[in-house]
Amino acid sequence: MTAFSFQLRQVSKRFVKGKETITIFDGLDLDIPAQDYVAIMGPSGSGKTTLLNVLGGIDHISSGEVYFDGKRVDTLSESQLSRWRAANVGFIFQFYNLMPVLTAAQNVELPLLLTKLSRKERQKNVATALELVNLADRAKHYPREMSGGQQQRVAIARAIVSDPQVLLCDEPTGDLDRTTADEVLAILALLNREHGKTVVVVTHDPEAASHAKRTLHLNKGVFVERTKLT
Amino acid sequence: MNQGLLVAKNLGRRKLRTILLLVAIFIAFFLYGGLESFQRAFYASSDAAASDRLISVNKVNFTLPLPVSYAARIAAVDGVKHVTYQNWFGGYYQDPKEVLFMFAAEPASYLDVYSDVVMPAAQRQAWLADRGGLIVGRTAADKYHWKVGDHIPISSNIYSRSNGSHTWDFTISGIFTDANEKAREGMVLMRHDYFDESVTFGRDTVNMFMFTTTSTQLNDRIAKAIDAQFANSPDETTTDTAAAFNRAFAAQLGNIALIITLVVATAFAAILLIVGNTLVMSVRERTREIAVLKTLGFSGTTILAQILAESLLLALLGALLGLGFAALLLKLISSITAGFVGSLLMSWPVFAAGIGWAVLLGLVTGAIPAWSGLRLRIAAGLGRR
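Read top to bottom, the protein sequences are chains A and B. The first sequence begins at 0 in numbering that gives the first Met the number 0 and counts up one residue at a time. The second sequence begins at 0 in numbering that gives the first Met the number 0 and counts up one residue at a time.
Don't read these hints as lab results, they were simulated from the structure. Heads up, a few of these hints could be off.
Claimed, not checked - According to the in silico footprint, chain A covers these stretches of chain B (three or more CB under 8 Å from chain A):
1. 7-21
2. 279-292
Said to hold, decoys possible - The calculated BS3-like cross-link candidates involving lysine-lysine, where the alpha carbons are at most 30 Å apart (straight line), are:
3. B:Lys58 / B:Lys223
4. B:Lys330 / B:Lys181
5. A:Lys123 / B:Lys80
6. B:Lys96 / B:Lys142
7. A:Lys212 / A:Lys70
8. B:Lys96 / B:Lys181
9. B:Lys146 / B:Lys96
10. B:Lys223 / B:Lys80
11. B:Lys8 / A:Lys139
12. A:Lys115 / B:Lys8
13. B:Lys142 / B:Lys330
14. B:Lys330 / B:Lys96
15. B:Lys58 / A:Lys119
16. B:Lys14 / A:Lys139
17. A:Lys123 / A:Lys139
The structure displayed is predicted, hence computed values, not measured ones. A virtual CB, placed ideally from N, CA and C, is assigned to each residue, including glycine.
Please model the entire structure based on the sequences and the hints provided.
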């Protein structure tokens, strides 16, 4: 039987803006098996980022059901969602979103502050995560002392340090040059291939999408095409 | 790393702003610590004064003289236990700026009325036996490094001697303490008979009579009886408890308590607005970072606690600096004044109340930004919608 990371059933998302109600998607169904690598593409305003927010439990749906690992998560309270995110989901953003006042190692350690790990265990996990993204030598550097690519690799280390099942990436290469972007995409592929992480990438970049096992095209809240790449 | 470090790092991210905020809080607590201690010192003697002790002074003004003969008539009033009297001497030691808290007092009766004045029996006897003897409080003795047996010259900026000199020679008979009324330990007391025989004017007059009663319940009746006795005379009296007299004396300088309360309240209100507004701006600047923390799994209450911890840390740091500097300054002033206005040292209750105010300041100024952090919706904070 296929194990699923995410299952969306008849999910709708609507915003009320003034007197107008804007529907982002309506009755959306989606299955993302465990250890999948999915790219979600689509024009601006198609609902890609909102979909990622819904998957990550940082935005509430208007109706429908969202399952993670077979358990419903759209009904969880805010504090339950916080704990669920901390345990299961790693986020990678376009603009890295590192804390400027913390070093690379301290940024990576942040999610571990919510665990019961000892200081020594935390430091060991941080070192492992930084080694995985080839930044062990930059542990004590602040974000302002690093290039964009290095900062994004720190963000990846932060996302994986607590060993989540899923990585949700919002335009992870959107702010990087081609060479650096390829390095970052190679790390994501490695995490999917070697470490069994489910990776969901929202991107405009066909090259970034080409690393995924499959690509979903979203337009006006509807999947218009599903491409199997591998 | 721990969450405490994260709080400290956030506080230090804009150093100039943090320093300016600390200075603002420092000023508020420096004012509070200094003024509150001053106020307490000022009213300490009135609060500490024994309830069975009354004072009679000239009705027109307490600086005007009363005949020393009133002592016997006051003593004759039913319910009066011991009567003594004193004159302000206007003494200074070596330098006219070194003004002493000095009175000429009748020794035996003074020690009866002020039974809390404690010194060894031998020193007590020495003062009673030596007309040129002087007893000094512990604070004054420490300030001028005086010891029992020292011969010291003290001058008066009011009185002169019949030989034209303004200086009297004294031998220190004793050094006393007064656990109940610490301000008294800044006092210097010469004998009234020595004073009276040598001054060129003001003989047979005193500034005030101090007396005890057999029961505090008789105070009102005795005070009225004494004032009635001298009514319509050239030297009418006004009699009140020592505590009331001290308060009235303090009130001549204005309503110190009100002034201090207004100054401190104004400072706190200004600081509240400045710190609160700055913290709101500071947290608003970090909206995206707070959203990221929440994305990583930090709960709203954890964010709320972090922001409150930040404002509390800021308030407590500023308060500790302000109270600390105020305590140091008070200690310096206290050593200079030798307890002239009571013990100026910052007391633990003042310090503890200051810390209490700092906690309140931290909580109030952090409340709005902390609440914003708690309520922040991640998607909105990340600017992703």
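For each hint, the structure was consulted:
1. With 4 residues bearing a CB less than 8 Å from a CB of chain A, the stretch 7-21 of chain B meets the requirement of three and the coverage assertion stands.
2. Given as covered by chain A, the stretch 279-292 of chain B passes the check, having 4 residues with a CB less than 8 Å from a CB of that chain where 3 are the minimum.
3. Pair hint B:Lys58 plus B:Lys223 holds up; C-alpha atoms about 13 Å apart against a cutoff of 30 Å.
4. A C-alpha spacing of about 15 Å is found between B:Lys330 and B:Lys181, which places the hinted pair at or below 30 Å, so the restraint holds.
5. Between A:Lys123 and B:Lys80 the alpha-carbon distance is near 82 Å, which puts this suggested pair outside the 30 Å criterion.
6. With a C-alpha separation of about 14 Å, the suggested pairing of B:Lys96 with B:Lys142 holds against the 30 Å cut-off.
7. Proposed proximity of A:Lys212 and A:Lys70 is supported: the alpha carbons are some 24 Å apart, at most 30 Å.
8. A threshold of 30 Å between alpha carbons decides the hint, and for B:Lys96 with B:Lys181 the separation of about 23 Å falls inside it, so the pair holds.
9. For the given pair, B:Lys146 sits about 22 Å from B:Lys96 by alpha-carbon distance, which is consistent with the 30 Å threshold.
10. A distance of roughly 16 Å separates the Cα atoms of B:Lys223 and B:Lys80; the hinted pair therefore holds under the 30 Å criterion.
11. Between B:Lys8 and A:Lys139 the alpha-carbon distance is near 15 Å, which keeps this suggested pair within the 30 Å criterion.
12. For the suggested pair A:Lys115 and B:Lys8, the alpha carbons sit about 22 Å apart, so the restraint of at most 30 Å is met.
13. Our distance criterion of 30 Å between C-alpha atoms is met by B:Lys142 and B:Lys330, whose separation comes to about 13 Å.
14. The suggested pairing of B:Lys330 with B:Lys96 holds, with an alpha-carbon distance near 19 Å, which does not exceed 30 Å.
15. Using a Cα cut-off of 30 Å, the hinted pair B:Lys58 and A:Lys119 is violated, with the two alpha carbons roughly 79 Å apart.
16. Note on B:Lys14 and A:Lys139: the hinted pairing holds, with a Cα-Cα distance of about 21 Å set against a maximum of 30 Å.
17. Note on A:Lys123 and A:Lys139: the hinted pairing holds, with a Cα-Cα distance of about 15 Å set against a maximum of 30 Å.
In this structure, the earlier hints numbered 5 and 15 are contradicted, and the remaining ones agree with it.
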